[in-house]
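Undergrad: The residues making up each chain are set out below.
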Amino acid sequence: MEANCSNMTPLSSDSAEKENTVCIFGTGDYGRSLGFKMLQSGFSVIYGSRNPSSASLLPKGAEVLSHSEAARKSQIIFVAVQRDHYSFVTKLSKVLEGKILVDVSNNLKINQYSESNAEYLAQLVPDAKVVKAFNTVSAWALQSGTLDASRQVFVCSNDSKAKHAVMDIVRALGLIPHDHGSLAASKEVENYPLQLFPTWRLPLYICAGLTVLIFLYCLITDIIYSAITEEKDISFRIAISIANKVFPIVSLILLALVYIPGVFAAIIQLYRGSKYKRFPDWLDQWMLCRKQLGLIALSYALLHAIYTLVIPIRYYVRYRINSNIITQILKNETRTFDNTLAWRTDAYIALGILGFFFYVLLGITSLPSVSNAVNWREFRFVQSKLGYLTLVLCTGHALIFGWDKFLSFSRYRWYLPPAYTLSLVVPCTVLVLKLILILPCLDRRITKIRQGWEKSSSAGKEFENGDVPLQTKM
Amino acid sequence: MEANCSNMTPLSSDSAEKENTVCIFGTGDYGRSLGFKMLQSGFSVIYGSRNPSSASLLPKGAEVLSHSEAARKSQIIFVAVQRDHYSFVTKLSKVLEGKILVDVSNNLKINQYSESNAEYLAQLVPDAKVVKAFNTVSAWALQSGTLDASRQVFVCSNDSKAKHAVMDIVRALGLIPHDHGSLAASKEVENYPLQLFPTWRLPLYICAGLTVLIFLYCLITDIIYSAITEEKDISFRIAISIANKVFPIVSLILLALVYIPGVFAAIIQLYRGSKYKRFPDWLDQWMLCRKQLGLIALSYALLHAIYTLVIPIRYYVRYRINSNIITQILKNETRTFDNTLAWRTDAYIALGILGFFFYVLLGITSLPSVSNAVNWREFRFVQSKLGYLTLVLCTGHALIFGWDKFLSFSRYRWYLPPAYTLSLVVPCTVLVLKLILILPCLDRRITKIRQGWEKSSSAGKEFENGDVPLQTKM
Amino acid sequence: MEANCSNMTPLSSDSAEKENTVCIFGTGDYGRSLGFKMLQSGFSVIYGSRNPSSASLLPKGAEVLSHSEAARKSQIIFVAVQRDHYSFVTKLSKVLEGKILVDVSNNLKINQYSESNAEYLAQLVPDAKVVKAFNTVSAWALQSGTLDASRQVFVCSNDSKAKHAVMDIVRALGLIPHDHGSLAASKEVENYPLQLFPTWRLPLYICAGLTVLIFLYCLITDIIYSAITEEKDISFRIAISIANKVFPIVSLILLALVYIPGVFAAIIQLYRGSKYKRFPDWLDQWMLCRKQLGLIALSYALLHAIYTLVIPIRYYVRYRINSNIITQILKNETRTFDNTLAWRTDAYIALGILGFFFYVLLGITSLPSVSNAVNWREFRFVQSKLGYLTLVLCTGHALIFGWDKFLSFSRYRWYLPPAYTLSLVVPCTVLVLKLILILPCLDRRITKIRQGWEKSSSAGKEFENGDVPLQTKM
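Chains as they are written, first to last, in the UniProt record's numbering: chain A, 1 to 474; chain B, 1 to 474; chain C, 1 to 474.
The hints are simulated quantities; they were obtained by calculation from the structure and are not laboratory data. Take the hints with a grain of salt, since some may be wrong.
As the list makes no split between identical chains, a pair holds if one copy fits it or if it spans any two.
As the list claims (entries may be wrong) - Below are the DSS-like pairs computed for lysine-lysine, each with C-alpha atoms no more than 30 Å apart in a straight line:
{"#": "1", "residue 1": "K109", "residue 2": "K385"}
{"#": "2", "residue 1": "K109", "residue 2": "K448"}
{"#": "3", "residue 1": "K60", "residue 2": "K277"}
{"#": "4", "residue 1": "K161", "residue 2": "K291"}
Please model the complete structure; the sequences and the hints are all you need to start from.
TA: Quick look at the structure:
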């Protein structure tokens, strides 16, 4: 319709559909793989090369021309050359005027250059419409068609028609376009494929450190102690018995670590009497990895659950039970049923199961598709209310499991308390602090602060006319 | 490009990008938090205030002007004031003409006003382009940057360019815009953040009611009966033994409740001979909460599975087994292996495992991302075929578990049948009704009715020329 | 805005909103259901019928006119008639000029016609704007409102304004529009609702075949052997003991089958010295069903895990343990604790648990919403590194479980080796081949080939200037 009132060549997806010809600058691996896929999807492909006669290995059915000839034949040009060689396009600025240039490049390192490749290209040919796309899909994936991985292609551009034309091509190749806004986002898009779980690194290090520490502690108080004081080799306990001490202890500590930063934040805000100052960096960092910490804690809890359930099928356990019975018979003992012990063991097992159950619920609501389907109020309800419930249940599980063992010094080996007590320090601290913070007097103050009230300002101002009511926002 | 042929100020995302200045009306908490985030993301922020000189606590780098001066400096104005004070904008209608007004407000209650805040704002300044957005993101989330929760921002507007300009800002803040169509949808968008699992309420109440009932039943026939007739305290059985009766019984009843409404609907349609009449309201309600009922039933089944697997590590069970063996030895008994009993116990365990397995499959296909990836035919196959298979397996599990216990009246306590029989009434009824409904004669009729045939109309009409073939739609 | 410079009737969503009247051609079941839903959502509905006076069963509030009268009243016309009767629209081409025609039809078979219904319709009325939509939502779903299933509506069209107008209607009905690009995609959209897990078929057949084979093998060497040689009926072992042999064996074979095609592909590329030739078809097919094979293997592993955990609560196992103890006491034996056996059993259990744990991680990253949230590098890391780790752990689990049993010929029944040896052939082959392939000399060559190098071409060319660096793409 716009064609009615302007003489410019129409750039709408329709004309791109009709022409159906794309140009690819660069006959390297990515250019070849892209052309291969394009030809398969019914496009005509024309390569632009510095040296058209020497280009080899190109997919069958593609034409090769010089850069300027190739560019002239198509509205859309894919630039599949290294950033270092982008400068050649300046010579083509006349031909490229008004055309769509698709930057498909990636870098070798995150933030390698000060501006993104796509923005650099846009500076070189200001009259072309530069679109960043396809960098998230590898040459191998295009070539082999085995797109098990993410088929998402992030597309960004300052020209919305150019963007939509490229998005239509993405769809035609069987990929899923994802509008990432303007070219200012291209840096983020270029960094994306270089990441390897950046948000998981810190939590995994913390978890690995704790695991090693607790493992050594258990090794010393259990196996090495036995080997030295009783000269008994019980090293076979490493595979399951020790592992099944390490997993629950680390899991409970990690779960408590998820809830510490929230408590710290509340204390800091109470102390400062304001929410309008930034938290210290370490606290921000910590807050941002809570989800990952929680999921690692959940996976350790899962391992603990399975390790516990296999107990009765272990040779060692069966042997011990058998020899127990035999001893009992030979000594002609009669053990009476201990009602309290029955209550206690059943109670800690039941608490453990329920704690694990809510843990799994928390994990499920962390799945992207589930957390996207709930609103902020629901998410906070699950992560905060259910999260604390889980922490209470799991701490209770550990407390009842340990019972009064920490009091019997006969169990202390080399003056070291039983391992389970290690797991209780952090969670109990968190729960006590939280209990203090939800005392009505403190809770009211925190709520006021989070609604925008400041100690320095007059207390009557926080509900200044014209404010958006905030109860509904929290 | 349209700028070539009209003199209106261009509103495209490009110009918004270049200007990069936004105006925020209101210096309350939400306005401050939004401005803080905007400044962080590289925007220039100008606040519009009734009383610019007294505005305090504003983020560093933001300017404060009067409403009209501020509005003049930006194409996009965020209205972060309470609905009650919207009226001030009428005085600015001249300045706001052609500008984008973003309504970010929320209410305190669902459906608080007859029309949505955004529609009300649009009525006040008919010449502005009102966009509803940001109300799903809390001030706290904007301020602290801890956006673990949904980062989705629902955007709706009658002006598609204004909508896209706002969506670009949403993306620039690191949030995910979600196009919700025209301003008519703003009421829904405003209600969204106020909900707290509305679809889960009824199913959770049903589940809680059933749980309490069955728990009391088990308490009476088990613990209280023992306490009164045998004067034995077996209250420790509450934690695991009783719980592991309640969970499977309620789970099976809930699973059956998922399939009753479908059976009722078929019966009603058979009776009416038409599908073009509405079902009674209670049936509609019931149908809409089937997914939730099923997921609660699944979580109870999971609890039942774990509670069952911990049986051998319980003190009580180990004690009983030990004393059993000792008694056997002292009495010099030889018990022969009971082949039938071995078959029976293994069979009900195997049925239970398989039932649980398909249950979990059903649960996984309920995940939003999985159910979005299957088509209608596949979804129906899983939920209907696999669902009934699960119901059959689980009912079989309960039947073989109970076996002939319900016949031995010695097990009846105070004339009350064993608890497991309670779990069988509803599932068996559903399965019998379903068996009747899939008799060829009835099934053919239901299929015809669901393809649009009506008893009153001539039977020959249902494949009237010009109909879309429906086999493929079911 | 475009209306300023052209005299054409505006087609923007705004005008569609204001008019709010839709026309439906066809009074069959789908037309009626669609109209019903439209009326519920506040649209005015006018039916176009060949024979307006005889149309019956239409939803209350809808008007019925002749085709041309109805078409005149609305900008948007839904064509809910069978493709065989599309020809009638040619007579209306005058009235339909510039209007939006929505093709909602489905076929009975995949690829029933050479061109899609929507493209056929577009050929019949070239001056109308044809949009394909709604075919993924069934009449039953529209009518009953029970949209548990996918609420996604795929929309495609060559006219982007028409497409957006239809997408707004889709949203207004509470459904989720999904832009599928141009009308060329309509064939795919029409085939979509006819599929029933096409990618799962081959993997399920493979799994079923293997399951039957291994089951028969176990039946023969276990139950039939006992029945014939010892005349003992141990058929009760089918339900759990045999099942718990079949599941792990098939699971391990399937897991290995996931990694064979990758090994084969590497060998083929090494041999050919190029990646620019297509793999044989069977290998392509195999590669495309790896995810499904892996998920089936995971579900069998889950079943194996649960079947293993229930061992101690089985009557048979309890009976055997009891009689074991009694025999021991009566014979006055003392069995010494076997440290090696304790290590061995604990080690294979621990390996099994860890293998299962990583298996589950692999499964979780296969969920669409999770795999969409990771980039290519992360996905490859998980699926390749963690995948091989899982295979190593599970193979180790099976090896240590079997230990030297395969050497003791006394355990061979009818010269058949123990069943567990069957599970080891394929995984061990895969692991040996993979070990050879990651030898530095071979690995370097494969990497070069996958970066675009070819044996025939000069080795110096693969890093030709102007190539996109590929390390970052793999």
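Undergrad: Determine for every hint whether it applies to the structure shown.
TA: Evaluated hints:
no., hint, verdict
1, K109 with K385, "between (41 Å within a copy, 22 Å between copies)"
2, K109 with K448, "between (45 Å within a copy, 20 Å between copies)"
3, K60 with K277, "between (62 Å within a copy, 11 Å between copies)"
4, K161 with K291, "neither (38 Å within a copy, 37 Å between copies)"
Violated hint for the displayed structure: number 4, the only one.
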